[in-house]
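Produce the entire structure from the sequences given, and follow the hints as far as they go.
For the record, the sequence lines run as chains A and B. Position 107 of the first sequence, counting from 1, maps to 1157 under our numbering, and the rest follow consecutively. Position 165 of the second sequence, counting from 1, maps to 1215 under our numbering, and the rest follow consecutively.
Just so you know, the hints here were simulated from the structure itself, not pulled from any lab data. Some clues are possibly wrong.
In silico negatives: residues of chain B with every beta carbon more than 10 Å from chain A [stated by the list, open to error]: (1) Arg1199; (2) Arg1284; (3) Val1344; (4) Gly1345.
Straight line, CA to CA, 25 Å or less: simulated SDA-like cross-link-like pairs of lysine to any residue [stated by the list, open to error]: (5) B:Lys1079 x B:Lys1343; (6) A:Lys1347 x B:Val1146; (7) A:Lys1347 x A:Ser1328; (8) B:Lys1347 x A:Val1146; (9) B:Lys1323 x A:Lys1343; (10) A:Lys1343 x B:Ala1160; (11) B:Lys1278 x A:Gly1315; (12) A:Lys1343 x A:Asn1299; (13) A:Lys1343 x B:Asp1190; (14) B:Lys1343 x B:Ser1054; (15) B:Lys1343 x A:Gln1144; (16) A:Lys1347 x A:Gly1383; (17) B:Lys1347 x A:Pro1336; (18) B:Lys1343 x A:Gly1315; (19) A:Lys1343 x B:Trp1384; (20) A:Lys1347 x B:Asp1138; (21) A:Lys1343 x B:Gly1192; (22) A:Lys1343 x B:Ser1187; (23) B:Lys1323 x B:Val1344; (24) A:Lys1278 x B:Phe1326; (25) A:Lys1343 x B:Lys1347; (26) B:Lys1347 x A:Ala1143; (27) A:Lys1323 x B:Gly1315; (28) B:Lys1278 x B:Cys1257; (29) A:Lys1343 x B:Pro1139; (30) A:Lys1323 x B:Ser1054; (31) A:Lys1347 x A:Ala1275; (32) B:Lys1347 x A:Pro1182; (33) A:Lys1347 x B:Pro1139; (34) A:Lys1343 x B:Leu1181.
We put the beta carbon where it would ideally sit given N, CA and C, even for glycine.
2 protein chains.
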Amino acid sequence: MSRSIHDLGTPALLLDVDALDHNLDVFSKALPGPRLRPHVKAHKCTALAQRQAERGHRGFTCATVREMVGLAQAGLGDDLLLANEVVDPVRLAQLVALDARVTVAVDSEATIRAAARAGIAEVLIDVNVGLPRCGCSVEDAGALAELARGQGVSVRGVMGYEGHVVGNEDREAREAGCAESMQRLLQAHAQVGGDVISAGGTGTYDCNRWATEIQAGSYALMDTAYGKLGFPLRQALFLWCTVISVAENYAVADGGLKSLGMDHGNPSLPDAKLWFCSDEHVTFAPAEGAPVKVGDKLRLVPAHVDPTIAYHEQIQLVSGETTVDTWAVDLRGW
Amino acid sequence: MSRSIHDLGTPALLLDVDALDHNLDVFSKALPGPRLRPHVKAHKCTALAQRQAERGHRGFTCATVREMVGLAQAGLGDDLLLANEVVDPVRLAQLVALDARVTVAVDSEATIRAAARAGIAEVLIDVNVGLPRCGCSVEDAGALAELARGQGVSVRGVMGYEGHVVGNEDREAREAGCAESMQRLLQAHAQVGGDVISAGGTGTYDCNRWATEIQAGSYALMDTAYGKLGFPLRQALFLWCTVISVAENYAVADGGLKSLGMDHGNPSLPDAKLWFCSDEHVTFAPAEGAPVKVGDKLRLVPAHVDPTIAYHEQIQLVSGETTVDTWAVDLRGW
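Structural data, given as structure tokens:
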């Protein structure tokens, strides 16, 4: 049943369906079908993944086993990549039991042996392309692929996330950083073989010409960090809040540290000046000439979409000021 | 069934039962019975609230309606204070329907009229004592109390949170700031009347001599921010992680932005040097002479306990390296 967003309890996540569809269309045009492997960590929502699949992207990227399991159970298991290392035998057994094509990232002898022991059929060799996180050195990639194959595990290719450059606001530097990272990934691929070169994210979707598939997630919803990069994408996700207190030179609304990921800093409120967030509050100075009163509603724009989504049980899909559907954020947890 | 923490899936919240009981005992001794009104926003867990109630603290402080409802349903509704403003008639009706004594903070004509319309029986006048968040001015407190009483709502007294001083690491400055804030609250109380002067938090529990009750929450679990204040409290909450990748000069474990509140910065890992957190990863340089390997487990100490808890479905209660119980974080959401 549709209703006015003014009747929703707050704080609540609003997802503007027109902006969402616009973003999905932009990426489907730029990266058709299997050229895009949407990363579900950004939205953790099988209903949204379904919408991506309907546009021809049948392979998905995940960061957690929970995301892999949830997508498989939702019938979206054509080609699931866990772009993360896991050594827990219980979790690996969960993956093996799925009615889905499952590929797992590995970057060490330990992760390969754990995958082989569990019966994982396919892996990608995860290569460090400049971000100090998971991923083997370029030099070790070939030997690790050989080890995996020796254990009876099929190696589909390589992955390497240029996460240290995707957020660079200087376009030339971002492109140069991407090119450099992908040269490392191609060197590794020459040793590893296989059909897959998986990389990228929202920030490099239009300049990464070397990867066979791009692992982008944030593009669907967007946030203030990616908003600075000037892509033809629209802000689709908002935190809907109620003003609960008004003082002489500031006001307080009911969104805060438990409804917003804060690692990228404060959310934004167009025209107003954000002062600070507390657990369940945001204090801000309203724009001059635009006073607010208790009971007014407002839309905060999250600074970082992924850890924001992870705080919420559901998302309200809205068209203008009317709700269209309620989507469960059903891939939370681990 | 108890099991080794080494068999738990990660990331997982561990709550050391000895440290917890120590912290609860310290506060029960300093603030016996109704002198402490534990704030459940820090733990969002009725099982932990039950443990606080068993020590004689039968009144609780909440930040959300969900917390109020959950405590009442758990049989902990003797005296519940919603220390936050709410104007949503649906949420206010939920409060009125509870089998519990319910008191709500109000700081404006709008919040008083909303409470009265909904049938809320008791309120506290919320006074701004220096933190720019909710709370009326000292000067307005008396008139607001009169307005509430005129609407048939009982005014139990005042509350005012000195949140701008509770984290001050300079003890003298903290005490002076607390004294100044409480002078403002007492001025308001002189106009408002009533038995209750509710204020304080973990950071001022031992110096706030003016409040009739202290609204402390973090003391039970603790974090690195409150850990700096030198109280006789122990770190009780940890994020249990697995090392999933090891490079030459750093390693990566599976805790990150979706399992840790980040507004106070990075978590801590004793002896190691934290580099940065990603959605599902923490990159760190192990301590010299203490290399780690894939599969090793470690305990991160959260920088801010409240928004950390809010990411998790459950807490593992542990004694040493053995699980004792699993507690649901059952007061999440709104």
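request  = Output the numbers, in ascending order, of every earlier hint that fails for this structure.
outcome  = 3, 4, 5, 9, 16, 17, 18, 25, 30
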